[in-house]
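Colleague: First to last, the sequence lines map onto chains A, B and C.
Heads up: the first sequence is residues 1 to 276, going by the numbering used here.
Heads up: the second sequence is residues 1001 to 1297, going by the numbering used here.
Heads up: the third sequence is residues 2001 to 2356, going by the numbering used here.
Be aware that one or more of the hints could be misleading.
Straight-line distance between alpha carbons at most 20 Å, and here's what the computed EDC-like set of lysine to aspartate or glutamate pairs gives [claimed, not checked]: (1) A:K163 <-> A:E62; (2) B:K1103 <-> A:E167; (3) C:K2271 <-> C:D2292; (4) C:K2101 <-> C:D2076; (5) B:K1103 <-> A:E263; (6) C:K2341 <-> C:E2220; (7) C:K2271 <-> C:E2253; (8) C:K2203 <-> C:E2220; (9) C:K2312 <-> C:D2292; (10) C:K2101 <-> C:E2128; (11) C:K2073 <-> A:E167; (12) C:K2132 <-> A:E167.
No wet-lab data here; the hints were simulated from the structure.
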Amino acid sequence: MTGRITLPAILINAALILFALTTIFPMIWVIYNSLKSTAAFSESIFALPSDPTFRAYVQIFEVGTVWTAMWNSLFYAVASTTLIVLLSYCIAYVLARFEFPGRAAVFSFFILGLLLPIPALLVPVFMQYRTIGILDTQFTLLIPYTAFGLSLAVFLMEGYIRKIPVELDEAAHVDGASLFTVMFVIVFPICRPIVATVALLSFLHSWNEFAFATTLIRDESYKPIPLWLRTFGGQYATDYPALMAGMVLASVPIIVLFIFFREKIVEGFAGGAVKA
Amino acid sequence: MAPRAFQPSTIAIWLFLLPGIVVYGGVVLTPLIGGFYYSLFETKNFQFHWAGLANYVRLWGDGDFWFTLRNNFIIILLSVIFQVTTAFIIAVLMNSRLVIAPKFLRTAIFFPVILSPVVTSFVWILVFDINSGLLNNTLEAIGLGGLQQKWLDDPKIVIYSVTVALVWQYIGLFLVIFLSGLSAINQETIEAAEVDGASTFQKTIYVIFPQLASTWSVAIVLAISGGLKIFEHIFVMTGGGPGLSSTVVAQYAYSQSFLRANFSYGNTIAIAIVVLSLTLVSLTIWAFNRFVVKDRI
Amino acid sequence: MAQLQLSEVRKSFGAVDVIKGVDIDVRDGEFVVLVGPSGCGKSTLLRMIAGLETVTSGSIRIGEREVKNLRAKERDIAMVFQSYALYPHMTVARNMGFALKLQGIPKDEIAKRVNDAAAILNLTDYLERYPKQLSGGQRQRVAMGRAIVRNPRVFLFDEPLSNLDAKLRVQMRAEIKQLHQRLGNTIIYVTHDQIEAMTMADKIVILSGGAVEQVGSPLELYDRPRNTFVAGFIGSPAMNLLEGRIGAGGMIELAGGGTLPLPVDVASPPKGGVIVGIRPEHMLLGGAGQGDLPLRIDVLEPTGSETHVMGKAGSVEVVAVVRDRLSERPGETLHLSVDPKHVHLFDAASGLRIAE
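Just need the whole structure built from these sequences, with the hints factored in.
Modeller: Right, here's the structure in full:
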């Protein structure tokens, strides 16, 4: 069957490629239109920019709010990713290696997070935060971003550690290692592939997250990039190239990560869904 | 696994678990408990008064709630038909050696999954834009101008328009799930069927489909729980409008709380969504195990 | 002085006893092999010595020290694991030096000891490689190197050759034995392969069902198995065990037909009858020995140097190994006999050897 060129094969390939193009074309369309002047855009929305201009980007950077938002998003994403990796590794190691009362319950507790309709928690979380008085701070979003990343991270890491032969831990203990050394000098480096996957997924989720940001943050100085884009999109609703430039800016880190680590990212999404 | 000689004390074990449990429990568990607590009160001018189950009685008779829930089910149904099924078909085709560039297809189709919902929502605002939108302009360019619609402003079609956006963004997720399910199948069983004289269609129905039963269950569960998670896209694209026409339950809870300042009722809706979602997911898993997977594993 | 002493060592998981009171004394420098079928508890016992499994009761002494409640790292032992358990993210040199590094030994001292061990094991050219760049035999040597550099009081080996192919296994068997002769360390070695046990050990401990069946040198076990279990376990092909009873005229009458000579004078024949054990290689053709065991041939396997005969005496499966080349065909009957000094006699009821 390999290499046989038949009419159905040609049709199927053509249809699939057409479909794949519709999935990437809109973003490409956004990117090249962000380089047009408003006039050029209204002339034709399809044409490639004949006279590319960075006017829209210059305008966004001059206003300046995007810098704060970018910095905030970077902070939320990096900090929550670090916390997720550390906390989930400790939990996953203990769950994978030791037998103790409550083990199954702890595991289910974290897996539950994969099934919960997260937006339903917006109002209850808001109420709790208001009661405690931790709305609108630099660290407000860090807690939910870390928490919601933990479920998937624990699930992926636990499965991975389980496949590492326990003899390695034992050899290290015989070699004189403490539990801490076994966990962080022996097993953690072996977990590097899954740590990379978890870190990438956590970064993407935290960078992209919008619902909790819009619910818990009012203060301009703590708004992450999706929140900035929403506000900006509202203000520049008619300046299409500027809006598109904003969309590009909000997506650049994500797209760069995807280009370099697409295999790991795809693997993480596929692995995370199975069993959930 | 038997307790090993180097297992630390139970206290030490819990110390490793504690930070994660506190962070996670503080966002998942205590808000649910608090949310249920508040749902038993009535909010008047930011004051809470004990109300028992009155909010739940109100919810039962609240036509708007059922209408928004119906919107969720429209999305779920269309996802299962167009997203899950299409993803399955594409995955099977990609697995069949018929397709010339499977890596490119997978990467391209998966690409939107990683974009921020806010970004993709704006993409679709631009696609659906009445005058400058990609869709209406394309229709005009290919001579189908008569099919132009006010995609996001017509209450009759808006829910289908936003569903298109959701299907578009997340079909790649279902594709990679099916692909990873397919890669776990012993390829020799498919080749054996080929040798036995099965056509592509027969291989799919008799050999591949049954072996993917648990992957289907994952996909359906994901479509259901995903359909009840919808919030950000609609929030950004339409704000739930026009009127209530594209509002989903999560947004209904949100607007009850933050626009009507009725936090008790918002919490009531939130608790209802959680209960509903977990019930539906458990039922689906149960049904799959009972009727589909049972005899085959 | 005993370098390693186990007394009354027990382990239970709830109501299940997996190690049922084991006593073993190991002298300094001795190569001791724990051998038995799978599930006999040999690996568990080794892991208890290592400190990887808890001990329910009894005592484990290494040198003068009671180590039962010490952690693995405090016991001054080194272990070679079945899967080698090499740290995949460390080079060979770092794998071998890891334990020394944890002890806080200076870098140049570590380097010296790693280099010395590498020289002994022919690993000098591989020190900067990672485990996945090595062959199975090389990985096995790294695992041993990791143990050697520490110069521990006791080396523990847990089925270290079972992941190698047959040819390499024979080669590594000799290397480990040479290494032992050279270094003179005490070694406890677990295997399920009785040939490994026979070829390598100074002393073999045969375990079954969590209890010691017999302790002795390889030839003691071969010549004087204490019971039918040991008799059947040691030797390949396995010893033929035939039911019979002591009849008139100092001969044993076999239940399946035929007679065999008595090896000893039995004062009071056991009431439940006896079990006669004859190793296949001790079977003699025709009347070369005493007695007469008619064997209906099922299969003949000529190996060149000898011929394996598989057949039935009555309804019992019997194997014989003879030096001659046979012209008989399957279905024909072969008459076998045996030298009385090669007949083993066991009490059928208890399975114990009937003493000479």
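Colleague: If a hint holds in the structure, say so; if it doesn't, say that too.
Modeller: Okay, the hints, checked on the actual structure:
no.: 1; hint: A:K163 <-> A:E62; in the structure: violated (52 Å)
no.: 2; hint: B:K1103 <-> A:E167; in the structure: violated (37 Å)
no.: 3; hint: C:K2271 <-> C:D2292; in the structure: violated (24 Å)
no.: 4; hint: C:K2101 <-> C:D2076; in the structure: holds (15 Å)
no.: 5; hint: B:K1103 <-> A:E263; in the structure: holds (10 Å)
no.: 6; hint: C:K2341 <-> C:E2220; in the structure: holds (15 Å)
no.: 7; hint: C:K2271 <-> C:E2253; in the structure: holds (14 Å)
no.: 8; hint: C:K2203 <-> C:E2220; in the structure: holds (9 Å)
no.: 9; hint: C:K2312 <-> C:D2292; in the structure: holds (14 Å)
no.: 10; hint: C:K2101 <-> C:E2128; in the structure: holds (17 Å)
no.: 11; hint: C:K2073 <-> A:E167; in the structure: holds (15 Å)
no.: 12; hint: C:K2132 <-> A:E167; in the structure: holds (17 Å)
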